[in-house]
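A.B. asks: One-letter residues, chain by chain:
There are 4 protein chains.
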Amino acid sequence: MFTTTITPRFYETDAFGHINNTVITGWFETAREPIFRMFNPDMQIKNLPLILARIEVDFVGQIYYGQDITIQSFIVGHEAWQNNQCLARGKAVQVYFDFATQHSSRIPEQYREQLAQHIMSSP
Amino acid sequence: MFTTTITPRFYETDAFGHINNTVITGWFETAREPIFRMFNPDMQIKNLPLILARIEVDFVGQIYYGQDITIQSFIVGHEAWQNNQCLARGKAVQVYFDFATQHSSRIPEQYREQLAQHIMSSP
Amino acid sequence: MFTTTITPRFYETDAFGHINNTVITGWFETAREPIFRMFNPDMQIKNLPLILARIEVDFVGQIYYGQDITIQSFIVGHEAWQNNQCLARGKAVQVYFDFATQHSSRIPEQYREQLAQHIMSSP
Amino acid sequence: MFTTTITPRFYETDAFGHINNTVITGWFETAREPIFRMFNPDMQIKNLPLILARIEVDFVGQIYYGQDITIQSFIVGHEAWQNNQCLARGKAVQVYFDFATQHSSRIPEQYREQLAQHIMSSP
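Chains as they are written, first to last, in this note's numbering: chain E, 6 to 128; chain D, 6 to 128; chain L, 6 to 128; chain U, 6 to 128.
The shape of chain E in the complex, shown without the other chains (with noise of 0.2 Å):
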């Protein structure tokens, strides 16, 4: 599992009141850095060899400014936590695109077993 840190931004409310729904999947994005490392580590970032190909995010309850958001990320999904609650819940589906062919493919072995290390049960 990773873990990330967000401190909620006041343009990413909206007139509701609470953070704005369009907000969550950058900040997912975001807590997928340490698996954007692990591919690239030197953060060559055009080098990266990963394609989005699907989110999914489950809005579970209202999120808002002031205090600061806990996401843990797991292999297959994200979670963000304010005050002991999960708010939303979801999921990024990412494929191993192979620069020398042009051609997604499976992931290496060696990122695997880094990858393997953070596996728990879905969100």
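What the hints contain is simulated information worked out from the structure, not anything from laboratory work.
Quantities reported herein were computed from a predicted structural model and do not represent experimental measurements.
Where a beta carbon is used, it is the ideal one built from N, C-alpha and C, also for glycine.
A few of these clues could be false.
Claimed, not checked - In silico lysine-lysine, DSSO-like type, Cα no more than 27 Å apart, as pairs:
| no. | chain 1 | residue 1 | chain 2 | residue 2 |
| --- | --- | --- | --- | --- |
| 1 | U | K96 | L | K96 |
| 2 | L | K96 | L | K51 |
| 3 | L | K51 | E | K51 |
| 4 | D | K96 | D | K51 |
| 5 | U | K51 | U | K96 |
| 6 | E | K96 | D | K96 |
| 7 | D | K51 | U | K51 |
| 8 | E | K96 | E | K51 |
Claimed, not checked - Here are the simulated distance ranges between beta carbons:
| no. | chain 1 | residue 1 | chain 2 | residue 2 | range |
| --- | --- | --- | --- | --- | --- |
| 9 | D | K51 | U | R111 | 44 to 50 Å |
| 10 | U | R111 | E | F79 | 48 to 54 Å |
| 11 | D | T10 | U | T106 | 42 to 48 Å |
What the hints assert, rightly or not - Non-contacting residues of chain E with respect to chain U, defined by C-beta distances greater than 12 Å in every case (computed):
| no. | residue |
| --- | --- |
| 12 | S109 |
| 13 | P113 |
| 14 | E114 |
Chains D, L and U: place on chain E using the hints.
C.D. replies: Quick look at chains D, L and U alone, frame taken from chain E:
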């Protein structure tokens, strides 16, 4: 079906040179505006009795800056087209919220009829 | 003068119920697209020889969701109008960058002529 | 002086490969949070008696994804530092708004004293 045209904005690109995935949920929210107006004709947005419960997006192809996007919204989903190709496809599940009872409830009949005119097979 | 119409997006509102200030710089960037096209007609965006050096925005009034915005761009500035009121006014200073010499340089004559057609008194 | 650390987010990059200019005003708003708390300790954000009247940003250098940013905020300005270089510098003019009279007014003495502790020469 509702149709919305979006002109991609330069700040919506990312370092890969295409439109960043986190932007799409905002475009799809924008494409739901006709539905917001249907439930809330005077656009006093705080009275909008719809809660977003879930989004799903499949990224089917790269979307680039420089050409307009057409978003076709069905009751159950959205599709983003550029150059006659469907490049992203999504689903937003909205729930009707009854302010009087403070609970979710079945969408009232009057709206069901209006929405029915836009039903198409799910994208 | 260039004129661009922007439909405010719901996620661009904030908890005060109006459009968040940080959104305006993105709208003004969008309104500069005709200038990007002038310097880079095929929109191969990485070849755009313009660097943004400075922005200034004065927030003159509240901008609300639900009605279109007209942005009038002069060479030296932008104005955002809604309901016949100018609600934000800004300036963007762009610098011409010569890829060959890797230095900023004077805007070439051919562009100066095109730009001259849009010069108006600064907003 | 207030100091805020921002981790650049991948979606904040643009097709030039660096952080898009429109992002910076959001970072600077985030860096003003200690000031929002000073004027509104319980963070009931709708009671915040501050209105943003003007922003100015000078883009001094490129900001890249992959390393943290330190934002130093003085009463009159902000500076964004990465790798010991100041890469953006900005000013935000906030006006005190008195809800009782519905007019802007002089910042009350109690806040002036707190703010005075953070005054430094303008960046």
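A.B. asks: Determine for every hint whether it applies to the structure shown.
C.D. replies: Results for each hint:
1. K96(U) <-> K96(L): It holds: about 14 Å lies between the C-alpha atoms, which stays within 27 Å.
2. K96(L) <-> K51(L): Since the Cα atoms of K96(L) and K51(L) sit roughly 23 Å apart, the hinted pair holds (cutoff 27 Å).
3. K51(L) <-> K51(E): Given pair K51(L), K51(E) holds - Cα atoms ~14 Å apart, limit 27 Å.
4. K96(D) <-> K51(D): Holds, at about 23 Å.
5. K51(U) <-> K96(U): OK: K51(U) and K96(U) at ~23 Å, within 27 Å.
6. K96(E) <-> K96(D): holds, 14 Å
7. K51(D) <-> K51(U): Cα-Cα ~14 Å, so holds.
8. K96(E) <-> K51(E): holds, 23 Å
9. K51(D) <-> R111(U): 44 to 50 Å: violated, 32 Å
10. R111(U) <-> F79(E): 48 to 54 Å: holds, 53 Å
11. T10(D) <-> T106(U): 42 to 48 Å: The hint (42 to 48 Å, Cβ to Cβ) holds, given that T10(D) and T106(U) are roughly 45 Å apart.
12. S109: holds, 20 Å
13. P113: holds, 22 Å
14. E114: Holds, because the least Cβ-Cβ distance between E114(E) and chain U comes to about 26 Å, which exceeds 12 Å.
Checked against the numbered hints above, the structure violates only hint 9.
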